[in-house]
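*Asks:* Between the sequences and the hints, there should be enough to build the whole structure, so can you do that?
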Amino acid sequence: MKKAVFEDFDGYREVAAAVEMSRKLGVNYSPDTDLADPYIRRLHPDRMRLRVSDVFDETSSTKTLRLVAEAPPLPPFQAGQYIALSVEVDGVRTSRPYSIASPPNQLGFYDITVRRVADGVVSNYLLDCVEPGDVLESSGPAGTFYYNPIFHKKTMVCIAGGSGITPFMSMIREVLECGLDRTIHLFYGNKSFEDIIFHETLQWLSERFERFHYYPVIEEPPDGYEGSRGLITGRLVKETIGDLEEKTYYLCGPRGMYDFCVPELEGLGVPKGRLRREAYGTPADIEKDPGWPGEVKGTDTFVVTVRGRGEFSARAGEPLLVALEKGGLAVPAVCRSGECSMCRVRLLSGKVFQPAGVLLRKSDRQFGYIHSCAAYPLENLEIAL
Amino acid sequence: MADYDVVVVGAGNAGMTASAAMAKKGLKVLLLERHNIPGGCGTSFCRGRFEFEVALHQLSGMGSPEHPGPLRMMLQELGVIDDLEFVEIPELFRAVMPGTIDVRLETDKAQVIAELQRHFPGEKEGIEKFFDLAFQFATQMLSVFYFKDPDASRDKYPILYEYAFKTCREVLDSFFSDPLLKAVVSVYWGYIGMPPDRLSFAYLAILYFSFIEFKAYHVKGGSQAMSNAIVNKFLSYGGEARFHCGVRKIEVANGEVKGVVTEHGERISAKCVLSNASPVATYLQLIGPDHVPEQVHVEMRGRSLSMSGFTLYIGLDCEPGELGIRDSTSFIMSNTEIGEKVYDQMRKLHVEDDLLVLSCYNIADPDFSPKGTTELNLVTLKFGEPWLRLPPTEYFREKYRSAENMMRNLERVYPGIRDRVEELEVGTPLTHMRYLGHPAGAIYGFAQHMKDSLFFQPGGGSPIQGLHLAGGWSGDPGFQPTLEAGKAAANSILKELGA
Ligand SMILES: Cc1cc2nc3c(=O)[nH]c(=O)nc-3n(C[C@H](O)[C@H](O)[C@H](O)COP(=O)(O)OP(=O)(O)OC[C@H]3O[C@@H](n4cnc5c(N)ncnc54)[C@H](O)[C@@H]3O)c2cc1C
Ligand SMILES: Cc1cc2nc3c(=O)[nH]c(=O)nc-3n(C[C@H](O)[C@H](O)[C@H](O)COP(=O)(O)OP(=O)(O)OC[C@H]3O[C@@H](n4cnc5c(N)ncnc54)[C@H](O)[C@@H]3O)c2cc1C
Ligand code: FES
Chain A
36 MKKAVFEDFD GYREVAAAVE MSRKLGVNYS PDTDLADPYI RRLHPDRMRL
86 RVSDVFDETS STKTLRLVAE APPLPPFQAG QYIALSVEVD GVRTSRPYSI
136 ASPPNQLGFY DITVRRVADG VVSNYLLDCV EPGDVLESSG PAGTFYYNPI
186 FHKKTMVCIA GGSGITPFMS MIREVLECGL DRTIHLFYGN KSFEDIIFHE
236 TLQWLSERFE RFHYYPVIEE PPDGYEGSRG LITGRLVKET IGDLEEKTYY
286 LCGPRGMYDF CVPELEGLGV PKGRLRREAY GTPADIEKDP GWPGEVKGTD
336 TFVVTVRGRG EFSARAGEPL LVALEKGGLA VPAVCRSGEC SMCRVRLLSG
386 KVFQPAGVLL RKSDRQFGYI HSCAAYPLEN LEIAL
Chain B
2 MADYDVVVVG AGNAGMTASA AMAKKGLKVL LLERHNIPGG CGTSFCRGRF
52 EFEVALHQLS GMGSPEHPGP LRMMLQELGV IDDLEFVEIP ELFRAVMPGT
102 IDVRLETDKA QVIAELQRHF PGEKEGIEKF FDLAFQFATQ MLSVFYFKDP
152 DASRDKYPIL YEYAFKTCRE VLDSFFSDPL LKAVVSVYWG YIGMPPDRLS
202 FAYLAILYFS FIEFKAYHVK GGSQAMSNAI VNKFLSYGGE ARFHCGVRKI
252 EVANGEVKGV VTEHGERISA KCVLSNASPV ATYLQLIGPD HVPEQVHVEM
302 RGRSLSMSGF TLYIGLDCEP GELGIRDSTS FIMSNTEIGE KVYDQMRKLH
352 VEDDLLVLSC YNIADPDFSP KGTTELNLVT LKFGEPWLRL PPTEYFREKY
402 RSAENMMRNL ERVYPGIRDR VEELEVGTPL THMRYLGHPA GAIYGFAQHM
452 KDSLFFQPGG GSPIQGLHLA GGWSGDPGFQ PTLEAGKAAA NSILKELGA
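The listed protein sequences correspond, in order, to chains A and B. The first sequence begins at 36 in the working numbering and counts up one residue at a time. The second sequence begins at 2 in the working numbering and counts up one residue at a time.
Keep in mind that the hints were calculated from the coordinates and are not lab data.
Label-pair ranges, simulated between beta-carbon atoms: (1) Asn415(A) - Glu89(B): 41 to 47 Å; (2) Glu49(A) - Gly27(B): 42 to 48 Å; (3) Ala106(A) - Glu78(B): 48 to 54 Å.
Part of the chain A face toward chain B, derived, beta carbon under 10 Å: (4) Ser57; (5) Thr68; (6) Arg77; (7) Arg396.
Note that CB positions come from ideal geometry on N, CA and C, so glycine has one too.
*Replies:* Quick look at the structure:
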């Protein structure tokens, strides 16, 4: 064979010798130690099988499910993260995210606390049909709603509404149980006194620990109620905590709460970086979204053609993802809030409505990709998975 | 008959360009990616108002539309150039060691020399000679290996013959005496992942030459825009792509590739399989050690894994100027080490005084993030192996501990920056492992020791008939090389299939 040019370069012999040597004495790669998968599965499993070990009643509409791993241990998570439970209800496989309410300092189990949503598919299923011993499938822990020590302030002002208390339960328990150097002010809004989840626990913790302050706020309190009433306003926050500086604000609750509380806090001059909010699903009634085109009714139905997979019917008022699930197509989904991009599909033709706040990449927009959990058909569509 | 001419495993840079090039020539190609989006390293993710660029700091090889570089020509040929907008990065880099030195180099050889001479007046002559040598070396290298001069000889290309196998350290030592100057001039080592006392001088020379002659570029919308554009073309050429569809197995019988099995259990037959996954995963996991010829094991044994990265993705709630950020690329140094100590530090879990590379995307492209904001990417190189020894329950604590150290080093250059952070995400070697599937999260493929560099790359061929590999593991890592490697792999497959 003809000699390569570089074989005449100065130093070639030494390099060639090094190649020879390393082939004799180098690394014996092994599938067990050198591949990324085994470790990553412990830290970030795609799928987990969780067994319900206990069910606790919290309020008349809320229960806590205690989940243990079928194949322990459970992966670590950051207080505030959620898991997406995948269930089959009436022959339709779907999923919903639920925040982990137990603290990350113990990984023997995860608690999730579920509140009944009127006509809700999964919440009713979890509350009425799931019993200890049942096995549920879940994603690994996900989400970005957690304390980030690099730029969050050590005083956390948490604003929760209804079932939005769950991620904060995890954060509060972690801070108090581990004695972390942080202070938490919790404003917790509910319609009525009976709706408050974890009230006794929160009351007790606030009496016992100086660095935890609990302010329940009741929208329609009974006569003679002495605590705060109405909605959680900027004024209430300011009057209660005084100095607004050196604090990070966390919000978790229904959309209506964000619509009200975010402008209130911005009005107090809280910069965007110190105002963190959890995803909380898509709006209950998309037709009420300010951007919704008036000419289409939520009940209008359209045909969605999925390239290579057939035709499906879809209601305008329902996320495309839901129509696909009802048609038996498995589209991976985690946040179901338009943020994580797991449910990304390609729109080949037709128009969809995408509410504000969907975190779509710029070039995804340019090339016609959508997040199917936060896209509503406005015409007949053709898509590719 | 096979279901497909070619199945491509992985939609990283090489997987994508290979797929597009083959589909354009009429081959029936299926591209399988286990993630939900194409790009591999060339991707982005959204947090709040920001879309964070994962990997691309500077794109080499583009050249201007008037003087196109090899990468621009290739993207033109694939038909994607019109879907993308490129912006030139106006300067080479800033190198700063707080309290010690702060130099700003432009994409102009004379300015580079003058600026360094201003800071190191005692080494005037050496500085000029060094850059002359680097440029001569790079041009001779191009003549012989890019333009393939058939009459290459020592007389015709003396610099190439003398310097091709010298380390940076050897060349630096022969021109400079101040350790600070040596560290500044060789600071580009961070782009290749080999400290200067091991790094081949050839790489440093080519980097300076290429960034000065062809400039460095950003792509609007980030590397994800490029990934989306390439896949878009691939689909329009009739290619088929599936996401959330990892390959579990590459089937081989009698030394010949038969097809693949997906994670969903589907068996797909193909005449050829092109793997964009690492050779370690391709041979040991997807094919299985038993089907792998001994020569592959021997060849792989000679190579070690490169480092992974530790990255802070930072979104600020102010314009860059407010904090005095004026440069697209800054190297933040904490010492003048260019030898073993650097290597040892990279092998430790924690980021301490490691070399940091800071990219600010809004300098060249003010629209990169929303008005009144700034997007930064602060990265350092770390081996992934210590992270694999960490109990998973310690992961978050250790991740923030290193991130905190990086933030402190950044604050020394830009005081007050922490208070302007609106979003901040941390990527560790384990993050790269998770999203790329590469052993130990290696982002530069196999390590680039002298014995692995330039002419000693594994290449994309395989003794298994019908199997090809392309990406940062079989040739040089980096955007330009891997995008080009995909095209080259396509050419050899087209030849093999007689298409
Ligand atoms: C990140 C994240 C964390 C979450 N954590 C929890 C948790 O810890 N505990 C918990 O109980 N829920 C939590 N949720 C909400 C949960 O995922 C489901 O949306 C909820 O259980 C309703 O599901 P469903 O199937 O019963 O209702 P669906 O069948 O999905 O919906 C029925 C109707 O109710 C509307 N709707 C959906 N969700 C709500 C809601 N939250 N409030 C009012 N109307 C709604 C729908 O738009 C629809 O009109 C979380 C959501 C997100 C995005
Ligand atoms: C943080 C960081 C910074 C960087 N900075 C720069 C820079 O500034 N400039 C530069 O030029 N380069 C940079 N690089 C390097 C450059 O990004 C890479 O060298 C290049 O993108 C690698 O391309 P690739 O073709 O090897 O594919 P990769 O990007 O490695 O992608 C491989 C793909 O294969 C997929 N895959 C793997 N296994 C399977 C399977 N079994 N089934 C299906 N799919 C599979 C993976 O999901 C992935 O999408 C950086 C990299 C990182 C991570
Ligand atoms: S499931 Fe997260 S974006 Fe749709």
